[in-house]
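Q: Using the hints, position chain G against chain H.
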Amino acid sequence: MTTTAPSGVTSLRGITKAFPGVVANDDVSLDIVSGQVHCLLGENGAGKSTLISILAGMQRPDSGTVSIDGDLVDISSPRMAVDFGIGVVHQHSTLVPAFTVLENLMLGESGVMRDKKRAKQRLEELADLLGVRIDPDALTSDLGLGQQQQVEIAKAMWKGSRLLVLDEPTSMLTPQAIEHLAESIERVKAQGLAVMLVTHKLREAYAMGDCVTILRGGRNVGHIAVDELSSYSEQEAQDAILAAMFGEDLAVLGDDASELAGAAEATRETRTFDFDSRPIRLELRGVSSRGGGRDVEVEDISFSVREGEILGIAGIDGHGQGALSELVAGQRLASSGTVLFDGVDITRTGVRSRQRLGVRYVTDDRLHEGTIGAMSVALNLVIKRIGERPFWRGGRIQPKAVGVEAERLIDEYDIRTPSPETRAGTLSGGNIQKILLARELTNGAKLVVVNKPTYGLDLKTVHMVRELLIDFAAQGGSVLLLSTDLDELIELSHRVEVISRGRLVGSVINDGAGTAEKVGQYMTGAIEGTH
Amino acid sequence: MNAETNAARRFLQGFVRSIVPVLLALIVASLIMLAIGSSPTEFLAGVLKYGITGSNWQRSLALMSPLLIVAVGLIVAFRGQLWNLGYNGQYLLGAVVASGLGPILFGKMPAALATIIIFIVAVLAGAVWSLVPAILKARYGTNEIITSLVMSSIAVGVVNLLIKGIFKDPKVTTPQTPVVSDSNLLPFIPGTQIHIGFVIAILLAVVAQFVLTRTSFGLRVDVFGASPKAARHVGLNSTWMVILLFAISSGLIAFAGSIDILGQFSYQRADWSPRYGDSVMPLVFLARFRPVAAIPFVAFYAVLATGGTLAAQQAGLNVDFLLVIVGLILLFMTITEYIGDRRRLGQSYLPQGLRRSLRLPLRNKSEGTAA
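Going line by line, the protein sequences match chains H and G.
Residue numbering for the first sequence follows the working numbering, starting at 1 and increasing by one per position.
Residue numbering for the second sequence follows the working numbering, starting at 532 and increasing by one per position.
So here's chain H without its partners, still in its complex pose (with noise of 0.2 Å):
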């Protein structure tokens, strides 16, 4: 990287920023470019939402400088950065869904009075730019997420930007949303703007980006320039990028390390399954769930799991996933409608008796509600049979049969853990699903509801989990696999099933290309089509 600044550059130099336990920047350089795309990719955990929060004014470095077409600056509030010229916008929803598009729009002005004609004209000079169309007295609640994107990206750009960093945009979008993504990434880029678009998805990288940066545990670990990248072939860039993504793992992962990676189409891994031949295990007919929070509730549900099979519920977060994996779990009640788990009523059945009968539930809450931060490895590894023999007697702990069954499943599932007395809440992301998969998928599981399995592991841990998954269900396990991403649904179900609003809309069997367009068009179709 050249020391000379030139116009239109956002330089950072010798980033650090460490937190408690984590190096989360680690002497990271790169130039932001004004007219390019650069692209940030790495997989979790590798630093990349650190070094946006540094860039929108929320973290500070420890040490490491910013500068902007030369200037040293110091952005140290977000308002800072807005006044910089710097736009984010972060992977979850900042929006106010009670708000009209215009009145979230309008949140950061810092006049006395509002003065809608003037921003209602800004809205359509952006609206222009970006090539979509936004109305701007809509509620945002009534929005899909695809055009509550596009107003995210508006809001971000709304007092003039120099550099709109993404962070993560596609991952709550359909594939025909992503197209229009692209459209208006482009837009914004033959304007003049830098764009820095976050993605831990390799193709999107290469297909979206001029130039690539990628970040493994919070290091700068490859750059491919705008002129490599264009004279590379597709292959020899993904061989770049893998290389750099996964260093001396990538002997390791092999094949599947382009998959990991998303460097192409997923494609599915489990194999062809004949659903006639096999007996039905779970079977839901017309269930509606009723819960006390303001959680999304599921209506009228019918679908049926059979034996050694993955059914994926695709569908945006927020759509009924957690009330619907509930509600097989036991955990929320079923309004109405039936539950048969083997052929038997266990519509009534409270959690620990379906507990007993196999039905386990690998919750996407896996700090707070899949295991207790507080207690040890080992008496997470049994909380569920809390009471049961032979860990507990006479209503006594046993600490010696806890110890050998922890030892066990530590041994089994390769937690990585100081000792089995260790706090659960101090290890990792990857190693706590694990605990968690250790639990649910043993001692008797038949069928096992996993809600987002790998949403925020690195991606060692995600192929662990994947490949679990794929075994339990090669040994006639049958799993309900809810996900957000479509990836990772195309490459482990047999059939995908999608949810939208708390109802099923849509079912698509997995058996060859094409299968994501279709789920694509069941959630548009859904979401959007509505406005």
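I should point out that these hints are in silico values taken from the structure, not numbers from a laboratory.
Each statement offered as a hint is correct.
Under the rule of at most 30 Å between Cα atoms (straight-line distance), these lysine-lysine pairs were calculated in the DSS-like manner:
1. 702(G) <-> 639(G)
2. 384(H) <-> 446(H)
3. 384(H) <-> 760(G)
4. 400(H) <-> 446(H)
5. 189(H) <-> 117(H)
6. 460(H) <-> 446(H)
7. 760(G) <-> 400(H)
8. 760(G) <-> 460(H)
9. 639(G) <-> 695(G)
10. 159(H) <-> 116(H)
11. 760(G) <-> 446(H)
12. 639(G) <-> 699(G)
A few chain H residues that face chain G, going by a derived Cβ cut-off under 7 Å, partial list only:
13. 351
14. 369
15. 372
16. 383
17. 384
18. 386
19. 387
20. 392
21. 395
22. 396
Non-contacting residues of chain H with respect to chain G, defined by C-beta distances greater than 12 Å in every case (computed):
23. 9
24. 71
25. 141
26. 148
27. 204
28. 411
29. 442
30. 468
Glycine residues also receive a C-beta, built at the ideal position from the N, C-alpha and C atoms.
A: Same frame as chain H, but now just chain G:
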């Protein structure tokens, strides 16, 4: 071996963190005494003299009885992260059962039977009173701190009405209940002036300690306390858990009230309230919700309270100065907690889940975005 040294170190750190706030509170209280012209040495010497020497230690131990039972009651609820702050009302309810029913029952049946009936009714009264905040909490998620406090105020009113009404001793003009005769009060431990309530309290603490740390029920309480979500995930019935823990907690505190009347006071006046819970609450935090660990803290406070009342008068202080010391303990506990947490020393007073929720508003918003 490593685990053992670790455990020893943890114990030591926990010990230090428990003692430091008490010492700091005593030091600052001394400074305050100096500032208002009283002699701290005279006060502290007075506390020792009237709290321990001679046969005064027996009075302190007798006071420990209700304090310790209240402490165990609070611990049961607090471990499940149910903040039962209705202890004053619950205590008085238990007390009025004893002072009201006592004079009626003791004339009609053997003292032992009457005593047992009184205890049972007292525990039930406390438990039933707690149903309101418990059900509201379990069913609608209402904040139990507010509802239990409100129920406590109502209980205080009801108790006063009872003492001024049907339980009033017609022979005296002041609104108070008839005195239970000495022969019907709880027996003393042989050779002392300490009623057997002390033994009952110690036994209760030991049993509670065992149940809470060694049994499946204790683990369920801890799971529930750590995270209601996790409790549901594990298959616990949260509604039942809230009601049960509230009932045990409130029942125990009411039991303390009845034992205090039958062991110590023998009658009850209207508008009387020893407010034990207010003083005990910081102590159970210092004991980290461990019943047995609460014993020394309660003993310390019992001496302070027994000796302090006379000592304060001698040093020219108001009796309320004792509450100043308790308040200071609470204050320094919070500070020690904060500093200790920052430096990652020892153990916390609070379970993890609560610590998070307490600190969250104070935290810099950006801290949450670590990679």
